[in-house]
Amino acid sequence: MNARPTQTDVAREAGVSRALVSMALTGTGRVAPETRDRIRDAAARLGYARNLSAANLATNTSPVIGVILPDLRNPFFEDLVAAVGHHADGAGLLPLLATASNEVDRERLTMRRFRELQVRGVITVSPAVPREELQEYGEFLPLVVVGESGLGGLVDSVHLDEDAAATELIGHLASRGWSHIAYLYDDIFQRDRGLAGRRQALMAAAGRAGVELTVHRADGGVADVVGALCEDAGDRRTAVIGHNDLLATEIASAIRSHGLAVGVDVGVAGYDDTSLARRSQADLTSIGQSIDEQGRAAVGWIADRALSPDRPARHLATPPHLVIRSST
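Counting from 1, one number per residue, gives the positions in the sequence shown under our numbering.
In short, the hints are calculated from the structure, not lab data. Model, not experiment: these values are computed from the prediction. Mixed in with the good hints, there may be bad ones.
To be verified - Now the in silico label distances, taken between C-beta atoms and shown as ranges:
hint, residue 1, residue 2, range
1, R112, G150, 22 to 28 Å
2, R108, R278, 31 to 37 Å
3, A91, A228, 47 to 53 Å
4, S253, L307, 47 to 53 Å
5, G90, H321, 21 to 27 Å
Note that beta-carbon positions come from the ideal geometry of N, C-alpha and C, so glycine has one too.
I would like the entire structure built from these sequences, with the hints used as guidance.
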């Protein structure tokens with residue numbers, strides 16, 4: 001293995017001083033464009049890469065942002081990570097992804113490890129740890145929570161505007177003649193504090209629209225609950241809302257297994273407007289989130305908090321986008 005090239009090697013190759021190499025490669029100081037290009041060309045020829053660990057020690061900063069996801073099953077998380085990555089690139093930052101496997105203790109461990117790594121900040125999605133703990137973490141490192149409203153302290157938060165989303169979705173279902181709406185969630189969402197907010201928003205919207213809303217928890221899967229709803233489908237027009245697209249696609253499959261047509265006999269809708277909803281075999285009506293806006297805010301607030309650690313917490317409710325498809 002060849003020795004790793006240094007800034008001294010680059011300086012020799014480009015015919016400039018080592019200090020000029022440092023300024024050109026870090027973007028600090030004033031370097032003539034043609035000189036900067038010559039230095040970067042020399043660095044590329046030699047295969048030089050900056051030692052960020054050493055730079056972090058010297059400046060007491062890190063380009064790394066920790067990102068904690070509940071799991072990797074939901075395509076929404078993939079879309080969100082892509083948005084975070086895009087905006088992190090623009091800010092010269094690098095996302096480091098970890099999953100908590102829907103376990104509170106693992107979430108705590110991951111947060112502690114990120115703090116030990118001295119990351120620039122942490123973006124955590126739908127966290128399960130108590131709010132009080134999140135507030136404590138926010139005292140030690142920049143922290144943004146995605147998927148939950150204001151947590152207090154120094155913790156920034158960004159989330160879907162649940163009231164606006166519920167109003168759009170319930171209004172659409174009512175206008176299509178679905179007089180009974182069932183909201184379905186399963187065990188994995190029990191620790192998701194956003195569940196209560198979504199349920200309350202849907203119940204309020206149903207009351208305003210004059211339609212019946214029932215709430216169902218699928219303890220052992222969706223089949224039994226959907227089966228009972230399908231039995232009632234002949235007596236009233238029922239539409240089922242899944243907590244997210246992942247669950248809604250399972251609901252649609254269970255409805256078809258009973259010989260009923262989705263969108264005709266029973267309506268189905270979800271949340272997040274992910275790739276699952278857009279597949280032709282699903283063609284699922286869904287509430288889209290402003291994912292790019294959420295990613296931009298989360299990354300920007302991490303950078304801002306690092307510069308102004310005591311500024312008041314910021315909270316952003318992003319607007320929903322109802323995408324209507326054949327399932328309703």
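Structure-based check of each hint:
One distance hint, 22 to 28 Å for the beta-carbon pair R112 and G150, holds here, with the actual separation near 24 Å. Checked against the given bound of 31 to 37 Å, the beta carbons of R108 and R278, roughly 36 Å apart, stay inside it. Taken as a hint, the range 47 to 53 Å holds for the pair A91 and A228, whose Cβ atoms sit roughly 50 Å apart. Between S253 and L307 the CB atoms are about 49 Å apart, so this pair conforms to the stated range of 47 to 53 Å.
Roughly 23 Å separates the CB atoms of G90 and H321, a value that falls within the hinted 21 to 27 Å.
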